[in-house]
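S.K.: Protein sequences appear in the order of chains A and B. Residue 90 in the numbering used here sits at position 104 of the first sequence, and the numbers go up by one each step. Residue 187 in the numbering used here sits at position 148 of the second sequence, and the numbers go up by one each step.
What the hints contain is simulated information worked out from the structure, not anything from laboratory work. Some hints could be false.
[Claimed, not checked] To give an idea of the interface, some chain A residues facing chain B are shown, with a C-beta separation under 8 Å as derived from the structure:
id	residue
1	H123
2	L146
3	T164
4	D165
5	G180
6	K192
7	L194
8	R196
9	L201
10	V205
[To be verified] List of simulated lysine-lysine pairs, DSSO-like, C-alpha gap at most 30 Å:
id	chain 1	residue 1	chain 2	residue 2
11	B	K331	A	K409
12	B	K180	B	K237
13	A	K192	B	K332
14	A	K161	A	K11
Backbone N, C-alpha and C define an ideal beta-carbon position, used for all residues, glycine too.
One letter stands for each residue in the lines below.
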Amino acid sequence: MSEVNKEGTKKTIGTIVSDLTRPIKNHKGFTIWILFLLTVMGVGMMAYVDQLANGLGVTAMRDYISWGLYISSFIFFIATALVGMLISAVLGLIGIKWITPIARIAEMIALGFAMWAGLIIIFDMGRPDRALNLFIHGRLQSPILWDVTVVTTYIAISVLLYLLPLIPDMPFLKKAMTDQAKWKQKIYKILSFGFEGRPEQYKSVKKLIRILAILIIPVALAIHTVTSWLFALTPRVGWDSTIFGPYYVTGAFVAGGAAVMIAMFVLSRNYNLKDYITDFHFDKMGKLLVLLMLVYFYFNINEYIVPGYKMKAGDDHHILGLFTGHYAKMFWTVQLGGLIIPIILLLFRRMRKPLPSLFIGIAVIIGAFFKRYIITIPTLVHPHLPIQNVPEEFHSYWPNAWEWAITMMAIAGAVLIITILAKLFPIIPIWEIAHEEGITNEEMNKYVEES
Amino acid sequence: MTYLNKIKIFIFVFMFMLFSFSINAQWNIPADAKNKKPPVDPTHTLVKTGKDLYKSNCASCHGTPGEGNNIAAIGATDLGSGDYQHSHSSGQTFFQVEQGNGGMPSFRDKFSSDEKWCLIFYIKSFDKDFKITGEELKEQKADLRLSLIEKIRTVKAYATTKDKSGKEIALEGADVQFFIKRMFGNMQIGEIVTTDNKGIASIKIPENIPGDEEGNLNLLVKFKDTDTYGKAIKSKTIKWGTKLEIVNITDKREMWGSLHRVPLWVLFSYLGMTIGVWLVIGYVVFQIIRLKKL
């Protein structure tokens, strides 16, 4: 960690283990936080039970605008989940060292958000009891089936990619957590899969991580490309675009990057890990986010200037609605506050410090959330045939309390998964940090065997 | 006012003058036309036929004098006036219908001679002195027999009737129509054919008429003048149509097909990718379980 640790003080395996396991044992504020998340989820659950009982009519969605907040949140969740692939696979494979302490955080975010993305789709179903029909009668020609397949696959790989780097940490956990509850120790024992630090075991784990890191790249590209195809494979105004795949993927990295930035700040401050996640890491992450946002900005220019210049009949209503019409306020707030201003700010070194990074990350992720709203809803307001002879409420859409409550439940649920993982396992891989500190496997094994 | 508009108005006025002038052109009816007599005496049926023709061909200019609407167009003769009725014999009106003059078009080719006479009867019926003097034609029992000449795709219709002694004889001069039955009506093939002195009317069936799956067409033949010859309709199935190929778009493997008709490239791409990825996942899981033994 010579390049990373500016202080240059060598850490022993003992300090690493105690630094990284201490926050897991410390429960200060943890109960309140969990209670808060559970309350949010409880409110959402009540709304969902009502929706189940009375149907989707309790939402603001009607015949024309039938993809509302749920679907736009679904894209947001998938997008955020994609960062796991970027950080731990792409950057890991090309040997970027500074991602070591944040790779697991990215993987936790991927896991939490990917799992809840699947659930949001269920929330959007009026008859979730018929979800199985998708597999029984689903058509292989339909991008919806591809999406279901690829989301499931991505969750499976994300679980493994979270679990695998965790296995070599288990011996340390077993040793350090002897004062903890029995069930926890049982979990550590099971998840160690008999790992005892033997060289062949290290070799195997590293090889498997590498295989998964390679595998997740096409799968992650597929998940978000297919998600974009749910839109782009229709001839609808605003969705009928050939660049929707890369547009979504780059947008996803922006959302995920911002999520990682926020998580880095919260976890490093809360867990007192400033020695491991340093200003250096925030600086690097800030630079990475600028790069991702610039690429995404480039795609935005293409996505809006090209149809905006031509103003084809049909496109014109949609584009003008975004630029100057009904959605202009949200559109420009999202583009300026969630993309352009953060790009400019993050170009300055001082803005890449932890605290400014946090606020920029929050702005970017809120922008990313509403960007999905901007992509999904305005198109539905402009169907190919005019909306006529329908009640007034069919003409427009703004999510009501039920939809907000259920969406908040999903967000709280994803954060809950991240919280629980962060409470059970170290958020930074002990063995990888030790390797970077130059500690050998033998030293680590010796430490574990000492009692 | 623009220059263009001025020109337009000028042209319009000029055309109008030309039109009114030509409409009022004088009739020049030869003397012998006056003596031309209808071949039969008027009957209710013939006047009725004439009325139908009049309504659809003459009333737009001449109005319907019998119904109190005497004049419809500027310059058209008021056919209902006593003046016209008394100064024109049937033969002279016949000449006018046939020739046309100025604004009045010629109907020489539009109507058959019989039709023209029916028209004249109707026009003459505007006169209060007009009398029905003829006897209604009795329906002439006629029959049709069909035969096919495969080689030249020709249908022959033999029209027969019975003479006073009840003997079957060829019916000459009857108009025969040929139809192919379609979904929502009958499609006429060619023109009306008049039977020759052997009572034969024949017609060639064109190629490329879509038939059913075996190329069958349903041919219908009947007399045009059903009042006279009866409503005999003969039908025959002929095999001269093109074979209908029913293409059900859901039968092929297409993107819009059912799951069982998934295009093979989609099927293999999907299965290939999914199975491939899950095999790797399975391998990784297997290796994790094997870690213990390493």
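S.K.: Next step is simple, just say for each hint if it's right about the structure.
M.R.: Taking the hints in turn, this is what the structure says about them:
1. H123: holds, 7 Å
2. L146: holds, 6 Å
3. T164: violated, 22 Å
4. D165: violated, 26 Å
5. G180: Hint holds; G180 of chain A Cβ to chain B Cβ min 3 Å, cut 8 Å.
6. K192: Hint on K192 of chain A: violated, closest Cβ of chain B at ~12 Å, above 8 Å.
7. L194: Check passed: Cβ of L194 of chain A comes within 5 Å of chain B, closer than 8 Å.
8. R196: violated, 10 Å
9. L201: holds, 5 Å
10. V205: holds, 6 Å
11. B:K331 to A:K409: holds, 26 Å
12. B:K180 to B:K237: Given that 30 Å is the threshold and the Cα spacing comes to 17 Å, the pair holds.
13. A:K192 to B:K332: holds, 16 Å
14. A:K161 to A:K11: holds, 13 Å
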